[in-house]
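**Student:** Use the sequences and the hints to build the structure in full.
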Amino acid sequence: MKMLIVDDSLIIRRKIEREINLPELTEIYTANNGQEAVEIFTTHEPELVTMDLTMPKMDGTECVKQLVSINPNTVILVISALADRATAIKAVKYGAYGFLCKPFTECEINEALTKCIAFSKELRG
Amino acid sequence: MITEKDIEVFIDGIKHYFRTSTKMDIVVDPPYLISADEITVNDYTGIIGISGERKGFVLVTAPADMLRYLVLSLGEKSATPDLVHDVVGEVANTISGNARRSFGAGFMISVPLIVQGQPSRIGAAKDTNGYVIPSRWNTFSFHLVVSLQ
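Line by line, the protein sequences give chains A and B.
The first sequence lines up with residues 1 to 125 when you count with this note's numbering.
The second sequence lines up with residues 1001 to 1149 when you count with this note's numbering.
Simulated from the structure, these hints should not be mistaken for lab results.
Among these hints, one or two may not hold up.
[Stated by the list, open to error] Below are the DMTMM-like pairs computed for lysine to aspartate or glutamate, each with C-alpha atoms no more than 20 Å apart in a straight line:
hint, chain 1, residue 1, chain 2, residue 2
1, B, K1023, A, E19
2, B, K1015, A, E106
3, A, K90, B, E1053
4, B, K1015, A, E108
5, B, K1055, B, E1008
6, A, K2, A, E19
7, B, K1023, B, E1076
8, B, K1005, A, D84
9, B, K1023, A, E108
10, A, K57, A, E39
11, A, K121, A, E27
12, B, K1077, A, E19
On a predicted model such as this, the values are computed, not experimentally measured, just so you know.
**Tutor:** Now the structure itself:
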């Protein structure tokens, strides 16, 4: 399974990539803003995406909308510091599957992605 | 106008960041009020602009040695200059974003502006006040500054 990590912070992109301990994820791509994410998504067609919200050029909410319009079966986990309930609800409304709040632990990211992988498998039958 | 309750939100936020990310607690010393033109910064500063229902800024300013140690504590094998530069912005972004749990979605945050050394301007009017929240992590001292209308 292919996954795309979208975050404008280098240290967060590397942290997610390093702490993932899930054999199902065989190919990882990274993007540092929404615009770059759409380009990589179109080229590599990842089944799973982790998405930051506050980013330059194109923010995460707009990017979620665009990715879902390209492939509605993409499973998107929003990973953001924006901790209010309304933001999480908005992200899900636009097509995200789940929401993980920063800062997160290694255990939390692996648990969240395990659920995403299971959901992605369900979607693909 | 910043209230005591507002300050508590940021103190809780910075404690939560370090406890979750590094498994180490920080010590927070008593906050104090200063005017925006009195703010002194350390080697690296991450600045978040606040707009919407509140206006102002949140900044984290820290010595390079602390940020190098923080990068290593986050699991990196080497504290390269780009990671040191990035991490101060991420700390400021996380604390500011987490504050929306208390302030709501009308508390809009910008992407981080990261400055090495003394910034030419913080982005605040001269008559703006801010609270400095002095903090210590490991052997290092750093400051969180919150200025909100």
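**Student:** When you check the alpha-carbon spacing of K1015 of chain B and E106 of chain A, does it fall within 20 Å?
**Tutor:** Holds, at roughly 18 Å.
**Student:** Going straight from one Cα to the other, do K2 of chain A and E19 of chain A come out at no more than 20 Å?
**Tutor:** 16 Å, holds
**Student:** Between K1023 of chain B and E108 of chain A, is the straight-line Cα distance small enough, at 20 Å or below?
**Tutor:** 14 Å, holds
**Student:** Does the structure keep K1023 of chain B and E1076 of chain B at a Cα separation of 20 Å or less?
**Tutor:** The given pair, whose Cα atoms are some 15 Å apart, holds under the 20 Å limit.
**Student:** Between K121 of chain A and E27 of chain A, is the straight-line Cα distance small enough, at 20 Å or below?
**Tutor:** 16 Å, holds
**Student:** Between K1015 of chain B and E108 of chain A, is the straight-line Cα distance small enough, at 20 Å or below?
**Tutor:** 19 Å, holds
**Student:** K1005 of chain B and D84 of chain A: Cα distance at most 20 Å?
**Tutor:** Roughly 17 Å between the alpha carbons, so the hint for K1005 of chain B and D84 of chain A holds.
**Student:** Given the hinted pair K1055 of chain B and E1008 of chain B, is their alpha-carbon gap at most 20 Å?
**Tutor:** 18 Å, holds
**Student:** Does E19 of chain A sit within 20 Å of K1077 of chain B, going by the straight-line distance between their CA atoms?
**Tutor:** Roughly 13 Å between the alpha carbons, so the hint for K1077 of chain B and E19 of chain A holds.
**Student:** Checking one constraint from the list: CA of K57 of chain A to CA of E39 of chain A, max 20 Å. Satisfied?
**Tutor:** Roughly 13 Å between the alpha carbons, so the hint for K57 of chain A and E39 of chain A holds.
**Student:** Hey, K1023 of chain B versus E19 of chain A, does the alpha-carbon distance stay inside 20 Å?
**Tutor:** Holds, because 16 Å separates the two Cα atoms, which is no more than 20 Å.
**Student:** Does the structure keep K90 of chain A and E1053 of chain B at a Cα separation of 20 Å or less?
**Tutor:** Within the cut-off at roughly 19 Å; holds.
Against the hints set out earlier in the document, no violation occurs for any number.
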